[in-house]
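J.: Could you slot chain B onto chain A? The hints should help.
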Amino acid sequence: MTQPSIILSDVNARQSVFHRRAFLLGGGIAAGIAALGGRLGYLQLVENARYAKLSTSNQFNFRLVPPPRGLITDRNGAILATNRPNFRLLYARQKDQDPETVISTLAAYLPMDEARQQRILKDLGNAPRNTPVAIMEDITWEQFSAVNIRGTELPGVTADMGEVRVYPHGGAFAHVIGYVAKVNKEDITETGPNAEPIMLHPGFRIGRQGLEKALDLELRGRPGAQKVEVDARGRQVRLAPGGDVPATPGKEVQLSLDMDLQLRGLELFGEESGAAVLMDCRSGDILAMVSAPSFDANRFVRGLSGAEYKALAEYDHKPLFNKALTATYPPGSTFKTLVAVAALEAGISADMTINCPGHWYFGGRRWRCDGVHGPTNMHDAIASSCDTYFYTISLRLGPDRIADTARRFGLGQAFDIGIPGQKKGLIPDTAYKRRAFPRDPVWHPGETPSFGIGQGYTLVTALQQCVAAARMANGRKALVPRLIRSVGGVPRPDASAAPDLDFDPAHLALVREAMGSVTTRGTAARTGQIGLGDVRMSGKTGTAQGYNYNGGRGVHGTAGPWHLRDHAWFTGFAPHDTPRYAIAVLVEHGGFGAQAAAPRARDLMRLALLKDPELRSRIERPPAPPVAVADSRGPVEGGPA
Amino acid sequence: MSFARLTSRAERGRLIDKLAQIDGVFCLALILIAGAGALMMFSIAGSSWEPWASNHITRFGVAFVLMVVLAVIDLRVWAAIAYPLYAVSLILLIAVELVGDVRLGAQRWLDLGPLGSFQPSEIMKLGLVLALGRFYHGLSAERARLSWQLLIPAAMIGAPTLLVAHQPDLGTAVLLALTGLTVVILAGLSWKVIFAGAGLVLAALPPFFFFVLHDYQRQRILTFIDPESDPSGSGYHILQSKIALGSGGLLGKGYGLGSQSQLNFLPEKQTDFIFATLAEEFGFLGCAAILLLYAAVIFMALRTASLAHSHFGRLTAAGVTSTFALYVLINGAMVMGMAPVVGVPMPLLSYGGSVMLTVMIGFGLVQSVRVHRYSEVTASKSSLI
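Chains as they are written, first to last, in this note's numbering: chain A, 1 to 641; chain B, 642 to 1026.
Next comes chain A alone, as it looks inside the complex:
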């Protein structure tokens, strides 16, 4: 009786309770399973389309394909910047993986020194997560296959074929076209075109200098996409057939430059430093814009080594600097042509003579002239570059009239030719003096004579000098230079819209006449003759002081240390009678304008004239004997042929 006794009715009671409740339990479970079935039906049948889409977007990724960058050609269609295919190795960091091990394994198959390995690791550290980083560009087929075979040892390393920017002419166009380079962190913006994901692609390059920078968005094009099947870690499983979106290539840019002239222009400078600009003085097209010495832009595309960059940056001839646009110099005697126009416009007669005894007294100071010119009229003063004459008339004109004329010729302003970073230079006047020198706001008469011979505060660029020569030569239009002819087939406006040049054409003709004498009997008589029969070049030499001699530092001519020598100028146009091309040549610390600048201007101009079919037929017209290749001839002595 110690055990609980369970009588029959109680057994039945327990059983019936169990049966009732087991029935409820079964019902509950059935309801649960039915709920699962219902949920399943909802997900799989009702919501199927939505989840199928999500599943597809899991399964497939669109990998961005960088677009081919737009071509850059010269005025005749010769290619100045293009793209070529290259094999490169990419590395995307994997989970639980030490990049150092992978890189050092890779170093066994590829030439990678310690410094390069460190640099790659640094790049990897800087790159955003899941973004592949280019380990090596331009690998050979042997290297490519060596790495490919060992794919399993090198997880995350993939070989990839892309395109790389190439500049076939190396340095000649480097300052104009600039170059592209890898995208920096600083390049990526929050919004706008520089926020696009293609910026992170290891094959993408951004315009870093020159036109590549200025026209970057036009040249870029639109990235395409490649459909790839990926796993949950984002690793590519296979290419998916179909569904690729082709990339849209960047727009083609045609420049006004002429490849032959540009190449010749750089060649002419040799070891010298300087700039040359040659313009069509009817259309404003820039046919050559050279800065010397130059550098190979292709090196920048791949990424320059620190030592290489240092060498370029520290060289005193400043190869990275565009001396045609971003360097300013005093114009020296070339400025006299503009002072002469100002004088004529102010009513000073061209026939008035001023006696030049070789020096001039003013303000208790003795002002030197380069020679003893005797009684000199305007024509002779330009031809022989008489300082005394221009000291005198500039004093009569006053600074404001000279400055106004200079500005109307295009000095002191930047031109919208599409290259950023142009310098405006400086054309001083009384207003400038007030503004810039609060302690001495008065323009002293003693400052005018220097201004009149292109010294003092005056600073100009080679492009401005060429524009001034072109306006002088054209005589009617205030020409504006054009460097970009068309972008994507759409032409940029040319000089037809340029405003009129508001000078008396007769006055300009008088000065042009005098410039003609410069190369026949004046300062450049020995170095400014192009030797193409009756097609002659007119111009003006200039020797600009970079330093004040009185300080005992600067030296006239080619004596003394290079960096203290004068800058040599030549500005001019040809043919002398029906001007077609204008030119400005600057040789930095080159000494005398007639010696250093005029021969270079002559040689470049000669090529321009010979390349012009219209002028060529005039040059070759009988009975004048056909002119052999002009370059074989030395400097011409004596007068015109």
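The set of hints was computed from the structure by calculation and includes no laboratory data.
By construction, the Cβ of each residue, glycine as well, lies at the ideal position given by its N, Cα and C atoms.
Any given hint could be a false lead.
Stated by the list, open to error - From the structure, some residues in chain B lie toward chain A, with a derived Cβ separation under 8 Å:
hint: 1; residue: 826
hint: 2; residue: 889
hint: 3; residue: 929
hint: 4; residue: 930
hint: 5; residue: 947
T.: Coordinates of chain B only, in the frame set by chain A:
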């Protein structure tokens, strides 16, 4: 010796009789479910028996044999070992608490040296059902309805549940508690107590959520409520599982063509989320077939429970069945995004040895109840053995 031979012959005859009593349709349903699991494991391994499918088949085979062996064991033997088994399980759970291995941040495993390691909570699932069945076997309907003696089953359920929850293994703890409560309710607990208890639990949930749960457990529940809030973090599992299910459609993407599982978007694709893998490749029809198989297994087992003459047999068979059903419902709800991710596998379909073993031992008990459905188990200790 002759006695032994005689006994032996008689035993042999009884053994054959008993084996014939095992439910063939029930076994077939189990084989079909486990076979479907192996089929999916073969698919997601890239048409390979390794590393899962062949293991799964071997384990199921061993477990199936074990089930048959257990089915012929007399119900009285089960009743006799009920309390000892429960006691041993409880001691092991305490041992885990003291010396257990910490794996994946939870203390669940007990290292048995050469025998490998195992989770005592698995044995407890059976031990609890047996012990409760044994307890209620000796209790009148009146007392089972409402009496001070009900404190004993409460303690029997509470102790292991709290120990397992402390490991922490919330999924198993919930499973233990629900299984125990099902047996208590089936035994005839007063509805008033049931509703009052349910009310109390609901009231206790918020403080439990905020003060007792571990951070990762809380996070799982939060993500469950809004999985899209963190699609790459903890919401990832639920979201990817729903994508796998939903993209399956009516007929599925085809065998071996489930991109979600083949490309590893689906987490735990061979274990907890194998149902999603199946749903992706075989679609709604495949899933419905598997759910029907599960329903069939559950109802055959419940019927076995109902037909048993002994109260012990009824309660233990129903307890095992409810454990199994809870597995199916919790895993199904989790895979379909209706419950938080708690680490409960789909029984027999999922890869994994210990749950398979637990379930098949449980079904061995269920079949033993079926085989011995007419035998009485007396409440007295002397009649056991």
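J.: Each hint needs a verdict: does it hold in this structure or not?
T.: Now the hints, each set against the structure:
Look at residue 826/B: its Cβ gets to within about 6 Å of chain A, closer than 8 Å, so that hint holds up. With a cut of 8 Å, the hint placing residue 889/B at the interface with chain A holds, because the nearest CB-to-CB distance is about 5 Å. Hint status for residue 929/B relative to chain A: holds, with the closest Cβ pair at about 6 Å, below 8 Å. Interface restraint check for residue 930/B: the shortest CB-CB distance to chain A comes to about 11 Å, outside 8 Å, so the restraint is violated.
With its C-beta approaching chain A no nearer than about 6 Å, residue 947/B sits inside the 8 Å limit, and its interface hint holds.
Going through the hint list in order, the structure does not satisfy hint 4, though it satisfies all others.
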